Amino acid sequence: MGIGIRIENLRKVYDTPPPSAARGGGFSFTAQRSVGPKEKKKKIEVVALDGVSFEIRPGEIFGLLGPNGAGKSTTIGILTTRTRPTSGRAFIGEFDVWKQQVPAKRMIGVVPQRPNLDFALTAREILLFHGAYFCQSARERERRTNELLEKFKLVDRADHMVRGFSGGMMQRLSIARAMMHDPEVLFLDEPSAGLDPQTRLLLWDIIRDYNRAGKTIVLTTHYMDEADALCDRLAIIDHGRIIAEGTPRELKSSIPGGYLLRLRFDRLPDELMTGLRSLPGVTEVHSSDHVAADLYADRGGPLIAGIASAAQEAGVTLCDVHIAEPSLETLFLHHTGRSLRD
Amino acid sequence: MNWKTFYALLSRDGHVARRNLLPMLLQNLLQPLLLTFVFGRVLTTSGMMQTGFKNVLLPGVMAMSMIISGVQAVAMPLIAEFQFTREIEDRLLAPIATAWLGIAKIVTGMVQALVAGLVVIPAAWLMMGSDVSINLGHPLLFAVICLLVALCSSAGGLALGCSVGQTQIGLMFSLIIAPMMMFGCAYYPWSFLTPFPVLKWAVLINPLVYASEGLRGVLAPKVPHIDTLIVLAALVVIDAFFLALGLSKFEKKAVS
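Residue numbers (this note's numbering), protein chains in the order written: chain A, 1 to 342; chain B, 343 to 598.
Misleading hints may appear alongside valid ones.
Claimed, not checked - Over the 12 angstroms line for every Cβ pair with chain B, so calculated as not near, a few chain A residues: (1) Glu45; (2) Leu117; (3) Thr274; (4) Val291; (5) Gly306; (6) Ala311; (7) Gly315; (8) His335.
Stated by the list, open to error - Computed, partial: chain B to chain A, Cβ under 8 angstroms: (9) Lys346; (10) Glu431; (11) Pro437; (12) Lys595; (13) Val597.
Derived from the structure by calculation, the hints contain no laboratory data. All values reported here derive from a predicted model rather than from experimental measurement. No residue lacks a Cβ here, since even glycine has one placed at the ideal position from N, Cα and C.
Chain A with its partners taken away, still in its complex shape (with noise of 0.2 angstroms):
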């Protein structure tokens, strides 16, 4: 049976500038200078979560989509230890991460963002003293490290300096070592940036391979194929609030219509909204300026007709259509406005 995790009401406030793990972009994190009167010298504050509660299921792949500086590896750190929560609680299964850190340790495996391989070992070794951190024993190590080495493509460098490695051996060598001591949990922060798309692949195989054995996965992605073709559920964050939960195909019938059609004109009088409101099959239309209109509708190409004609009766010229079939992309952009490369 699976372990579950359970995190109430997490807040982060980072005083000093967040890790770099945690730190992403950066720019989206909402800055606020704290005006205490008793301060002397004002600190910035930066709001990395506020008021984040979600449950994983035992066992399932869970991904947590947002863009840089969202707040997913602020999540993460906090469920591996790794960052004190300012306010809130999470659990690991029964143990209270932040007061029960041991037990909650020995339960998890932690795939950083940036690999943090122990540059003064070998491959071989990183694996073999991971193991002994995690009390197995001499036979159980080697019979662990020889099969993970196979399994990751390793076995031809395993006995080279780590430092030598390229992003991609690094990459797998952290799987591999977060892997080793079989935990129940593991924790990927963008596992797949900067992996060529056939490791990538790979990848995705090992992590549901992982899954199979009633292992609980929790991951963070900001690649929408990814989150879709891996996840059993996610949470969608942006500015250290989940602002939708679901099952990637919940998540995407959510989406009023489910097409989006981008359009751009030289200018967007209000007739011509009415217009566009009025067209078959179209549920909701949102301008944010005044050439730009988000259109959500249950087709895309066969609306394109009756736009053109709504624009040309307004006496507007149409600039610019891009049709995105329902995807998290488009989740996205509905629930926050801005697409997740923004």
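Please build the complex by placing chain B on the supplied structure of chain A, with the hints as guidance.
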């Protein structure tokens, strides 16, 4: 307490230290060898210094060697491991309370400091030639002082390693280590500072003073030195302070 994990953490540090044994010995031995040769051989043979100076110098060089190697053995890898690569992270995730990783670092540093201190004795003997008279009348006292000095250096190294960033290493050597060496009473007994009363009392915050004077008291008791009981008490206080400071800084540094 999870002894197996603690032992594994120690074995990892031991393994890395063994792998770097030769460069480590060169790093730790070269400076004391050169110092003992120039001060203990060249200057005494030429008559600029009295022969008795050799007995003043040997315990001082030994103390200096222990302090420097202990600090370096802990602080330097720690500074690197906490930097960009975060190499230490895997060990922080080991199923053991964070402070124990700090303690493992201190134990490894102590072993290196003891090795560095003990190899100075035969090496300096070779360099300085005859007329060195070392008294080992109190082996137990000698062992206790060595252990306290080793703990002082490696716990101090932990505190320093957690306070200094990679870009400040050069500054650490010129602002902390260099004055510590010069005013650590390694080349002269503390009582020789009597003509400089302010300096004489100010250097007492320097742990190296107690290390040099303590070893002098037990290895060359005829040379003037601070009373061994006072040295022991001071070392215990300094050790406790560095231990508490180092571990608390380590725990803070380990978690964001």
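Query raised in the report: Does the no-contact call for A:Gly306 survive, Cβ to all of chain B over 12 angstroms?
Result: holds, 53 angstroms
Query raised in the report: Are all beta-carbon distances from A:Glu45 to chain B longer than 12 angstroms?
Result: About 15 angstroms separates A:Glu45 from the closest Cβ of chain B, which puts it past 12 angstroms; holds.
Requested in this report: Verify the interface restraint on B:Val597: the C-beta must sit less than 8 angstroms from at least one C-beta of chain A.
Outcome: holds, 5 angstroms
Report task. Verify the interface restraint on B:Lys346: the C-beta must sit less than 8 angstroms from at least one C-beta of chain A. Result -> Where the cut-off is 8 angstroms and the nearest Cβ of chain A is about 4 angstroms from B:Lys346, the hint holds.
Query raised in the report: Would you say A:Leu117 is clear of chain B, with no C-beta pair closer than or equal to 12 angstroms?
Result: violated, 7 angstroms
Query raised in the report: Is the Cβ of A:Ala311 farther than 12 angstroms from every Cβ of chain B?
Result: Correct as stated: the minimum Cβ-Cβ distance to chain B is 52 angstroms, above 12 angstroms.
Query raised in the report: Should the label of A:Thr274 as a non-interface residue stand, given a Cβ cut-off of 12 angstroms to chain B?
Result: Nearest chain B Cβ is 52 angstroms from A:Thr274, so the label holds.
Report task. Quick one: work out the minimum CB distance from A:His335 to chain B and report holds if it exceeds 12 angstroms, violated otherwise. Result -> holds, 28 angstroms
Requested in this report: Closer than 8 angstroms between Cβ atoms is the bar; does B:Glu431 clear it against chain A? Give me holds or violated.
Outcome: It holds, given that the least Cβ distance between B:Glu431 and chain A is near 4 angstroms, below 8 angstroms.
**Report entry** A:Val291 remote from chain B - nearest C-beta pair above 12 angstroms
**Finding:** holds, 43 angstroms
Query - Least C-beta distance between A:Gly315 and chain B, which was stated to exceed 12 angstroms - result: The assertion about A:Gly315 holds, with a minimum of 57 angstroms to chain B.
Query raised in the report: Once the shortest beta carbon distance from B:Pro437 to chain A is found, is it less than 8 angstroms?
Result: holds, 4 angstroms
Taken one by one, the earlier hints fail for this structure at numbers 2 and 12, listed in ascending order.
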